[in-house]
Every structure is written in C-alpha cells, then in structure tokens.
Amino acid sequence: MRKREEKKKENQRRENVTERWKTGGMAAALIAAVAVFAVMLQLEKSALTKYEKGTVYVAAAEIPKGQLITAENMSFYFQEKSLDKSCIPESALCSPEQVTGLAAVFDIEQGVLLADGMFETLDDILGGMKEPVVAGFKAEDLYQVAGGVLRAGDRIHIYSVSEEGKAELAWDNIYVQEVFDQTGIRIVNGDMVTAAQRINIYLDKKDVEAFYSELASGTLRVVRALQ
Numbered sequence: 001m002r003k004r005e006e007k008k009k010e011n012q013r014r015e016n017v018t019e020r021w022k023t024g025g026m027a028a029a030l031i032a033a034v035a036v037f038a039v040m041l042q043l044e045k046s047a048l049t050k051y052e053k054g055t056v057y058v059a060a061a062e063i064p065k066g067q068l069i070t071a072e073n074m075s076f077y078f079q080e081k082s083l084d085k086s087c088i089p090e091s092a093l094c095s096p097e098q099v100t101g102l103a104a105v106f107d108i109e110q111g112v113l114l115a116d117g118m119f120e121t122l123d124d125i126l127g128g129m130k131e132p133v134v135a136g137f138k139a140e141d142l143y144q145v146a147g148g149v150l151r152a153g154d155r156i157h158i159y160s161v162s163e164e165g166k167a168e169l170a171w172d173n174i175y176v177q178e179v180f181d182q183t184g185i186r187i188v189n190g191d192m193v194t195a196a197q198r199i200n201i202y203l204d205k206k207d208v209e210a211f212y213s214e215l216a217s218g219t220l221r222v223v224r225a226l227q
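To convert, note that position 26 of the sequence shown is 26 in the working numbering; the numbers rise steadily by one, no gaps.
Hints may be right or wrong, so weigh each one.
[Said to hold, decoys possible] DSS-like cross-link-like pairs, simulated, lysine-lysine; straight-line CA separation at most 30 angstroms: (1) Lys81 <-> Lys138; (2) Lys85 <-> Lys65; (3) Lys205 <-> Lys130; (4) Lys130 <-> Lys85; (5) Lys205 <-> Lys65; (6) Lys130 <-> Lys81.
[Stated by the list, open to error] Simulated DEER-style distance windows between Cβ atoms: (7) Ser213 <-> Lys166: 13 to 21 angstroms; (8) Ile185 <-> Glu52: 24 to 32 angstroms; (9) Lys85 <-> Ile185: 19 to 27 angstroms; (10) Asp141 <-> Asp116: 33 to 41 angstroms; (11) Thr100 <-> Gly128: 20 to 28 angstroms; (12) Glu52 <-> Glu209: 54 to 62 angstroms; (13) Glu97 <-> Lys166: 45 to 53 angstroms; (14) Glu131 <-> Ala60: 34 to 42 angstroms; (15) Lys166 <-> Asp107: 33 to 41 angstroms; (16) Asp84 <-> Ser213: 57 to 65 angstroms; (17) Lys130 <-> Gly101: 37 to 45 angstroms; (18) Val188 <-> Gly111: 39 to 47 angstroms.
In case anyone wonders, no lab produced these hints; they're calculated from the structure.
Even for Gly, the Cβ is constructed at its ideal location relative to N, Cα and C.
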C-alpha cells in the first residue's frame, strides 16, 4: 500500500515537471515568435523607408537666365517628379513655397532637377538697398545700351562720362528687372533677337534723383556684365 502511494506521488511529480516544461516551452516559443515578428516589421519598415517616394521639381522647359518664376508661369517652367527620397539632394526644390519669386542665375536645360543654387531670390537681387525702387529708361537715353540685347536678369554697370571724356563708375552691378520692345511688350528671356527699347532696373531710392539728372544730361553709358 505504501509503495503504491509513493509510486503515485512520483508519477504526479513527473507530470507536474512535464507540465512546467510544456508551459515554459510555450512561453519561450511565444517570446521567440514575438521577437521574430518585431524584427520582420523593422526590416519591412526599413525597406519601405529606403524606397519611400518624395516630390521634386524638374525643368518642364528651358528656363532662360534671369527668368523670374511666378505663380502664373510656374506650371510652364516647373514639373513635379516622384523620386526615391534617398536620391533627392537636400538642396532640391520640393514645394511651391520654395519656387515662386526665384530668378534663374543661368540657362537651365529642360529635364534638369532643380535646386537652390540655380536661382536667386529678390533679397539676393536687392542686396543692401534700403529703399529699392524700379527705375525705367529708354534705350535712346543711353548710348547703345549694350547693343539692345539686355534681358531680365542681366547685370549692368553704369558709367558717368565727363565733358573731358573721362568715364567713372557711377552704379555697379545693377539688376535689370524687365525689358520691353518699342511697342511696350515685354521681351521674354528666350528671345535673343528683339532689341530692348525700354529697360527697367532696380535702384536704391536715394540714387534715383542723381540717376535721372545724369540721364537727362546725356552723360551716362551702360555696359553689360558678363557673368
């Protein structure tokens, strides 16, 4: 009788040990499964991040040097493209807020990925002017006016010539805002044939009086800066 009791207890102990092993194994298997699942999620996330898409702008058409980008012409010159984010440089133009009000600093070919360094802002153009204004003059007011080929975005140097024929630099690196033909129609930057008859430039307000006084006296000459 006593041996039966001992055998029964031994069998019960073995069953308890086996049950604990089963429970522990299931817990370990569950933990391992969760760990594997977490790793797979992380790998999937990394893979998706690697190929995550972003929007950039490319030149939809050739953008001439000096061409100002506005809300009206943006869709003509700029085209959205989707690229892997890993391929998009930090300087790339990616949003409309970055685009409007920019002017190309050189001719940009169609299809080129557009970046900050290809454009200048109005703040760049106006530089240290305290009260910038737009001053206009006719080509006939100045001798030759660089042969009539001035376009928006060009830089010019304006010289004052004395009665003795001595020329002195009066205004340096002046930005041409817009140019017009003889009928008053704005000349687009891609047009390299039509002669500019009326020219608008940015000047500091303090210089306007002196500019028009010398303009009226016929002592001013213009040369185009080669950038």
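Hints and how they fare:
For the hint pairing Lys81 with Lys138, the CA-to-CA distance comes to about 42 angstroms; that exceeds 30 angstroms, so the pair is violated. At roughly 29 angstroms between alpha-carbon atoms, Lys85 and Lys65 fall within 30 angstroms of each other, so this suggested pair holds. For the hint linking Lys205 to Lys130, the alpha-carbon distance of about 8 angstroms falls within 30 angstroms, and the restraint holds. Distance check on the hinted pair: Lys130 and Lys85 sit about 41 angstroms apart at the alpha-carbon level, beyond 30 angstroms; violated.
Among the hinted pairs, Lys205 with Lys65 is consistent with the structure: their alpha-carbon atoms are about 26 angstroms apart, no more than 30 angstroms. Among the hinted pairs, Lys130 with Lys81 is inconsistent with the structure: their alpha-carbon atoms are about 39 angstroms apart, more than 30 angstroms. For Ser213 and Lys166, the hinted distance range of 13 to 21 angstroms is satisfied, since their beta carbons lie about 18 angstroms from each other. The beta-carbon spacing between Ile185 and Glu52, approximately 47 angstroms, falls outside the hinted interval of 24 to 32 angstroms.
Remark: the range hint 19 to 27 angstroms for Lys85 to Ile185 is contradicted by a beta-carbon distance near 44 angstroms. Checked against the given bound of 33 to 41 angstroms, the beta carbons of Asp141 and Asp116, roughly 37 angstroms apart, stay inside it. Thr100 and Gly128 have their C-beta atoms about 24 angstroms apart, which keeps the hinted 20 to 28 angstroms range intact. Taking the beta carbon of each, Glu52 and Glu209 are about 57 angstroms apart, inside 54 to 62 angstroms as hinted.
Checking the proposed 45 to 53 angstroms range against Glu97 and Lys166 shows it holds: the Cβ atoms sit about 49 angstroms from each other. For Glu131 and Ala60, the Cβ-Cβ distance of about 36 angstroms falls inside the hinted range of 34 to 42 angstroms, so the restraint holds. Range check, Lys166 to Asp107: Cβ separation about 37 angstroms, and the 33 to 41 angstroms hint holds. The beta-carbon spacing between Asp84 and Ser213, approximately 59 angstroms, falls within the hinted interval of 57 to 65 angstroms.
For the hinted restraint 37 to 45 angstroms between Lys130 and Gly101, the CB-CB distance of approximately 20 angstroms leaves it violated. Judged by the Cβ atoms, the range 39 to 47 angstroms given for Val188 and Gly111 is violated: they are separated by roughly 20 angstroms.
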